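Novice: Produce the complete structure using the sequences and hints provided.
There are 2 protein chains.
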Amino acid sequence: MRPLDYMRNGRKLVMSIWFTEKQTQNFGITMKINKTLHTEQTEFQKLDMIETEEWGNMLLLDDMVMTSVRDEFVYHEMVAHVPLFTHPNPENVLVVGGGDGGVIREVLKHPSVKKATLVDIDGKVIEYSKKFLPEIAGKLDDPRVDVRVDDGFMHIAKSDNEYDVIMVDSTEPVGPAVNLFTKGFYAGIAKALKEDGIFVAQSDNPWFKADLIRNVQRDVKEIFAITRLYVANIPTYPSGLWAFTIGSKKYDPLEVSKDRFHEIETKYYTKELHKAAFVLPKFVGDLLK
Amino acid sequence: MRPLDYMRNGRKLVMSIWFTEKQTQNFGITMKINKTLHTEQTEFQKLDMIETEEWGNMLLLDDMVMTSVRDEFVYHEMVAHVPLFTHPNPENVLVVGGGDGGVIREVLKHPSVKKATLVDIDGKVIEYSKKFLPEIAGKLDDPRVDVRVDDGFMHIAKSDNEYDVIMVDSTEPVGPAVNLFTKGFYAGIAKALKEDGIFVAQSDNPWFKADLIRNVQRDVKEIFAITRLYVANIPTYPSGLWAFTIGSKKYDPLEVSKDRFHEIETKYYTKELHKAAFVLPKFVGDLLK
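Note that the protein sequences, when read in sequence, are chains G and W.
First residue of the first sequence? That's 1 in this note's numbering, and the numbers climb one at a time after it.
First residue of the second sequence? That's 1 in this note's numbering, and the numbers climb one at a time after it.
I should point out that these hints are in silico values taken from the structure, not numbers from a laboratory.
Heads up, some of the hints might be wrong.
Put simply, identical chains are the same to the list, so a pair is met inside one copy or across any two.
[What the hints assert, rightly or not] Lysine-lysine pairs mimicking BS3-like chemistry, simulated, CA-CA at most 30 angstroms apart:
#, residue 1, residue 2
1, K139, K115
2, K183, K289
3, K209, K115
4, K258, K282
Just so it is clear, the structure is predicted and the values come from calculations on it, not from any experiment.
Specialist: This is the structure:
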């Protein structure tokens, strides 16, 4: 008998536990949990691994959905492949955050990449992703990958003219990620990038966080020659429409020549979608004006 | 004092009522309700009008979200403007379902339209949309609009070579809409359309209803020369990614010349998005193979 089944008056009662994420004060998503695999207050945040019926194993940080086995491919492919196909020869790549390893897995699909450094402040995210999300974290032990448990903001501040592509795979700007949404951080990224470098940052959603998108775009525009916003559909993230900000010193993601795309295995990204993802709904485009 | 406030031991307790739509057996959305404006079992379905904190007034049919004041523009604009800008001169338009009036409101933005007929089987949807969703239903009394409370399937069956554009704005294929997802219905639409006519139907979502999309595409392809699928982000609909099927006898929505677009006021649709909406995520495009 599973622990959630109880007998009462000779009848088996099956309890059903649901996790609800309040994505705003007045709206959320709710899903059936089969079991909680791990729960702990780390040095930096509350970490839960749950097994959900609809989405498979799922990582929560501070009660917010970070990634799930069923829909993780959208976020990880769209963070990685848009900048990596924009840059003509990405060799040295940095991922800030992203301790679940999903972005790294996608980065390694590009044969030009010689080294991929992951800097996540919370080693527990890496540890439990390897244990409970092997489909996502399974490439963290690849010889091309350098995993560091460290403060991404400080790592960026110490880097100079080093990376071809930097990807910021952070949580929301609360808790440990609050520094990763500042103009000082974007200036540090510009310094850490080579002279033709490019960076991407997840930028939340236009339905509930319009101000955040507007502010990030404004700040990045002051520092990078080319600033762009693109979107993707992620069903377990607030509003289902997720935004990503690109800051680039030289290469425009909208002007990638067709011969630059090589074959990779994906479930969401295509070379046609590479450009279509930048064609924004009118109310989203209006945020950038 | 509002009805949901109670006193206990001299303290005011504020109760909070939440509506949860189970979009699948194991996943759903949940939102705070300020009050229920109307609830009734009509001849065809359960109808609720609720005032939500996040989305404004909202229509539910059989406990499923149909439309809300805050995000309705996405669905209504994307149903209407994609086929109407594809057809070079739409004059006579039919909307099947759509008793909330949102698609009609968008149709009337096209000056070429001389007549727009709405056929909804449930007069109560029309009546209560006019009362509680005036921003959406407000154009149903326009002199160009002919509102009929009738069976859409039968109306289509009786029509011959009559319409330039037909839009199927139905509920899911349960309850009164079950006939609207059959090959017989699509054949009837082909007959009801003029020789260069075009139709669009909402086709649910690729995350939870992949089979439905695959089946609709297969059936429509057998009848129409040009069959296409496009998507839009609707946060209150399952998965946030909604699909629409186009069946067209002559005009391809991907080959609309730029001079055909005239200025209209929109919040989601743009002439660039008209084409980008057809660029599908890989797993969605794979459903059509």
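Novice: All the hints need checking, so say for each whether the structure fits it.
Specialist: Structure-based check of each hint:
no.	hint	result
1	K139 <-> K115	within (13 angstroms within a copy, 60 angstroms between copies)
2	K183 <-> K289	within (19 angstroms within a copy, 46 angstroms between copies)
3	K209 <-> K115	neither (34 angstroms within a copy, 40 angstroms between copies)
4	K258 <-> K282	both (27 angstroms within a copy, 18 angstroms between copies)
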